[in-house]
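Read off the chains here:
There are 2 protein chains.
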Amino acid sequence: MATNHTPYLEKGLISIFTGEGKGKTSAAVGNSVRAAGHGLRVCLIFFAKGKRFDHGEFKILSSLPNVTLQSFGQAGWILKDISEETRKQAERAFEAASEAVTGGQYDLVVMDEIMIALTAGLVTTEQVIRMINAKPSYVELIMTGRGAPAELIELADLVSEIKAVKHPYTRGIKARKGIDY
Amino acid sequence: MATNHTPYLEKGLISIFTGEGKGKTSAAVGNSVRAAGHGLRVCLIFFAKGKRFDHGEFKILSSLPNVTLQSFGQAGWILKDISEETRKQAERAFEAASEAVTGGQYDLVVMDEIMIALTAGLVTTEQVIRMINAKPSYVELIMTGRGAPAELIELADLVSEIKAVKHPYTRGIKARKGIDY
Numbered sequence: 001m002a003t004n005h006t007p008y009l010e011k012g013l014i015s016i017f018t019g020e021g022k023g024k025t026s027a028a029v030g031n032s033v034r035a036a037g038h039g040l041r042v043c044l045i046f047f048a049k050g051k052r053f054d055h056g057e058f059k060i061l062s063s064l065p066n067v068t069l070q071s072f073g074q075a076g077w078i079l080k081d082i083s084e085e086t087r088k089q090a091e092r093a094f095e096a097a098s099e100a101v102t103g104g105q106y107d108l109v110v111m112d113e114i115m116i117a118l119t120a121g122l123v124t125t126e127q128v129i130r131m132i133n134a135k136p137s138y139v140e141l142i143m144t145g146r147g148a149p150a151e152l153i154e155l156a157d158l159v160s161e162i163k164a165v166k167h168p169y170t171r172g173i174k175a176r177k178g179i180d181y
Numbered sequence: 001m002a003t004n005h006t007p008y009l010e011k012g013l014i015s016i017f018t019g020e021g022k023g024k025t026s027a028a029v030g031n032s033v034r035a036a037g038h039g040l041r042v043c044l045i046f047f048a049k050g051k052r053f054d055h056g057e058f059k060i061l062s063s064l065p066n067v068t069l070q071s072f073g074q075a076g077w078i079l080k081d082i083s084e085e086t087r088k089q090a091e092r093a094f095e096a097a098s099e100a101v102t103g104g105q106y107d108l109v110v111m112d113e114i115m116i117a118l119t120a121g122l123v124t125t126e127q128v129i130r131m132i133n134a135k136p137s138y139v140e141l142i143m144t145g146r147g148a149p150a151e152l153i154e155l156a157d158l159v160s161e162i163k164a165v166k167h168p169y170t171r172g173i174k175a176r177k178g179i180d181y
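Protein chains in written order, with my numbering: chain B, 1 to 181; chain R, 1 to 181.
Each hint should be verified, as a subset may be incorrect.
Straight line, CA to CA, 20 angstroms or less: simulated DMTMM-like cross-link-like pairs of lysine to aspartate or glutamate [to be verified]:
{"hint": "1", "chain 1": "B", "residue 1": "174", "chain 2": "R", "residue 2": "10"}
{"hint": "2", "chain 1": "R", "residue 1": "166", "chain 2": "B", "residue 2": "157"}
{"hint": "3", "chain 1": "B", "residue 1": "177", "chain 2": "R", "residue 2": "10"}
{"hint": "4", "chain 1": "B", "residue 1": "166", "chain 2": "R", "residue 2": "180"}
In silico contact screen, one side only, chain R against chain B (beta carbon under 10 angstroms); selected entries [to be verified]:
{"hint": "5", "residue": "9"}
{"hint": "6", "residue": "18"}
{"hint": "7", "residue": "22"}
{"hint": "8", "residue": "24"}
{"hint": "9", "residue": "28"}
{"hint": "10", "residue": "33"}
{"hint": "11", "residue": "38"}
{"hint": "12", "residue": "88"}
{"hint": "13", "residue": "140"}
{"hint": "14", "residue": "168"}
Rather than coming from a laboratory, the hints here were simulated on the basis of the structure. A virtual CB, placed ideally from N, CA and C, is assigned to each residue, including glycine.
Input sequences plus hints: build the corresponding full structure.
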């Protein structure tokens, strides 16, 4: 549903944060905070965070008046267990993202871990391309997750690949509340 | 000055976001938002942002009660013009960072663009190593900037190198308020 809001950006770009290293979601959250600080209307769709709303960033982001959060999937990585429920969750997440991108209510839309959903075959690259083609020009789109397909890299304006030069999990250090989630 | 605050983390790690790609500062800001959401006491020291306090992330971060921001340097990249003032600003930034890391008042300290100051010779790697050695174990430290020296990569627990697969600036798209600053 289109609104009468004057678009903040003349031309919204398509950005991808991919790669095996840590920092992809954090970079998208950092960008969202910056945009929200300038008054942009921001929608973050989490494809694989589930109901784990103790994530620290959720607390801050959900307190901002011009930020909307929608979380789907399971608490862990959806690749681990592709149940019927996971499939439904991915479908709902993609519907929510499509509505956010094309509905005229947001200036920046983040699709966090969409690449995981693509790798698992829960969403197709063609669906994402159709969404991008339907995107109003002023909407900025950020997609995250390892394993971005070549077709989306080709379409994107900005692609950062985050390489894990050193990753604490591979050194036996577990995820810590407050820092890692 | 030490406080009686119970440290949030048992062991704070040292993380580096480096590389030529976009997302380094955003990742650090995203991590800060997550940490602040969990009640960690966060201090961000910006080595090269200067008085440009119209950065969108500053507005949100500075509104959070447990986040402290300190900004030094010049509005642009300090490498471009290393004046006496730039040198003094870098010195002050490093003093502020040292105080934040060792003073007991913060659980997470971000040194944004410290690598730029190192590359410019405004701060030495030895100074940073001495600071790290003086760091209480519970303090988490995040350093950003392209060109992280090998000695710091060796010391760090987490190193993400952000590669610019595609960068909009190289395609003639200029930095945009609301998204890029």
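Cross-check of the supplied hints:
no., hint, in the structure
1, 174/B <-> 10/R, "12 angstroms, holds"
2, 166/R <-> 157/B, "7 angstroms, holds"
3, 177/B <-> 10/R, "11 angstroms, holds"
4, 166/B <-> 180/R, "27 angstroms, violated"
5, 9, "6 angstroms, holds"
6, 18, "8 angstroms, holds"
7, 22, "5 angstroms, holds"
8, 24, "8 angstroms, holds"
9, 28, "7 angstroms, holds"
10, 33, "5 angstroms, holds"
11, 38, "4 angstroms, holds"
12, 88, "28 angstroms, violated"
13, 140, "6 angstroms, holds"
14, 168, "5 angstroms, holds"
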